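Residue numbers (this note's numbering), protein chains in the order written: chain A, 1 to 229; chain B, 1 to 229.
It is worth saying that the hints were derived from the structure and are not from the lab. Do not take every clue at face value.
When chains are identical, the list treats them as one kind, so a pair holds in a single copy or across two.
[What the hints assert, rightly or not] Mimicking DMTMM-like on lysine to aspartate or glutamate, the simulated pairs with C-alpha atoms at most 20 Å apart in a straight line are:
1. K211 <-> E156
2. K4 <-> D217
3. K178 <-> E40
4. K178 <-> E222
5. K211 <-> D138
6. K73 <-> D177
7. K178 <-> E32
This one's a predicted model, so the numbers in the text were calculated from it and none came from an experiment.
2 protein chains.
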Amino acid sequence: MPMKVSVIIPAAGQGRRMEAGVSKQFLLLGGEPILKRTLEVFLNEPSVSAVTLVVPEADVEAVSGEFGGGRGKLSEVVAGGKERQDSVHNGLKSLSADTDVVLVHDGVRPFVTPQMIRAAARAALDHGAAVAAIPVNDTLKRVDARGVIDGGVSREGLWRMQTPQAFRYPLLLRAFDKARQDGFYGTDEVSLVERLGQEVFVVAGAESNIKITRPEDLALAEILLVARS
Amino acid sequence: MPMKVSVIIPAAGQGRRMEAGVSKQFLLLGGEPILKRTLEVFLNEPSVSAVTLVVPEADVEAVSGEFGGGRGKLSEVVAGGKERQDSVHNGLKSLSADTDVVLVHDGVRPFVTPQMIRAAARAALDHGAAVAAIPVNDTLKRVDARGVIDGGVSREGLWRMQTPQAFRYPLLLRAFDKARQDGFYGTDEVSLVERLGQEVFVVAGAESNIKITRPEDLALAEILLVARS
């Protein structure tokens with residue numbers, strides 16, 4: 001059975017860690033806005049039916065014009081809300097009712113691969129919820145405000161969460177409803193569906209699937225981009 | 001006061017995760033053995049007085065011949081022991097008694113920088129013990145054997161340990177003595193000095209200071225190498 005996969009890309013943040021005058025999602029990576037590069041991966045993936053970009057209200061018109069015409073797929077550009085969770089919720093409301101699976105993917109993770117997209121969508125269809133992730137390979141320690149190590153944390157079974165995060169559409173709607181009822185704000189969508197008692201499966205992310213939030217991330221991204229081409 | 005800084009580079013592991021017929025430290029990175037590239041950074045750093053390589057017993061002669069003549073600095077190539085800790089201990093015994101600070105650095109972390117070396121040595125002289133590390137920026141979750149998320153771990157104050165790890169020489173000797181008396185084996189040297197009640201300070205590592213242990217790490221290392229030159 002073919003499934004209808006819709007994607008929400010929240011990119012409404014202000015990127016205060018980037019020390020630049022422009023929001024991080026619009027910074028240039030290899031001459032193109034980071035957000036446009038992220039979007040392209042989903043537009044080029046045949047298993048994806050629709051993509052909704054969520055951007056700052058002031059940018060909706062410009063983004064619609066510049067990034068539009070996406071091979072019939074870029075259905076919506078909508079305005080973000082106060083928090084990331086509000087922005088994803090705005091995106092969620094824009095999806096067509098026959099959506100089977102929703103992927104939520106950071107606008108500033110342009111190195112997502114077709115394999116990750118398909119694996120996350122498939123696992124969400126099979127199990128309800130899935131997230132791209134990679135195992136922790138480093139020794140982890142807690143460090144206090146003075147810069148002194150203050151105890152350790154076992155890395156056994158610990159994974160680093162990435163995106164895409166993927167969910168059956170009705171499940172994610174219920175999770176957002178419950179969060180709103182409870183006034184709950186989570187760090188990501190996984191934290192919302194976990195509150196329903198839903199199991200969330202990990203699928204293979206990659207070290208290279210970096211989130212570009214600091215100047216040094218952008219430098220690494222430029223390197224990765226050159227290596228890809 | 002100038003300090004005498006000696007470096008121990010343990011590289012006696014078998015690298016079973018690398019799926020190659022040769023130990024990981026001798027794999028080629030940009031046409032040179034990884035271990036040789038790591039060694040070069042320390043040989044080129046003026047604040048470093050001596051370097052001891054610890055390699056598998058069978059490789060001592062070959063490494064002495066091929067990597068030797070290191071601008072008068074490569075004082076020793078010694079044979080490793082059963083575990084990493086035994087190998088570092090063997091290296092420790094080779095140091096001259098007037099050493100002030102000992103740095104221990106993974107043979108398969110060739111992207112260590114002069115800044116990291118100096119910061120770790122300085123902090124060890126000032127405080128006794130220091131380690132290069134970077135803050136955790138990802139959401140961390142525990143994942144069970146089925147691949148299902150099973151609880152989270154706050155990343156607040158969590159850091160990923162790297163090397164160099166640096167210590168005042170007498171302190172590290174005492175830490176090894178105590179570990180031997182107690183039959184204790186730790187994951188690294190920090191875990192040994194912590195047992196003495198010693199405070200360990202973090203200094204700035206870098207995302208690029210990767211440990212090459214898996215095939216995908218080597219691929220990333222080739223990219224980083226190109227970007228550097």
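For each hint, the structure was consulted:
Taking the shortest Cα distances, K211 and E156 sit within 20 Å of each other only across copies (18 Å), while inside one copy they are farther apart (24 Å). Within a single copy, K4 and D217 get their C-alpha atoms no closer than 33 Å, and across copies no closer than 35 Å, so neither meets the 20 Å cut-off. In this homomeric assembly, K178 and E40 never come within 20 Å of each other (Cα to Cα): the closest approach is 33 Å inside a single copy and 57 Å across copies. Taking the closest pair of Cα atoms, K178 and E222 never come within 20 Å of each other, the shortest separation being 40 Å inside a single copy and 47 Å across copies.
Taking the closest pair of Cα atoms, K211 and D138 come within 20 Å of each other both inside a single copy (19 Å) and across two copies (9 Å). Taking the shortest Cα distances, K73 and D177 never come within 20 Å of each other, neither inside one copy (27 Å) nor across copies (66 Å). Neither within a single protomer nor between protomers do K178 and E32 lie at most 20 Å apart by alpha-carbon distance, with minima of 38 Å and 57 Å respectively.
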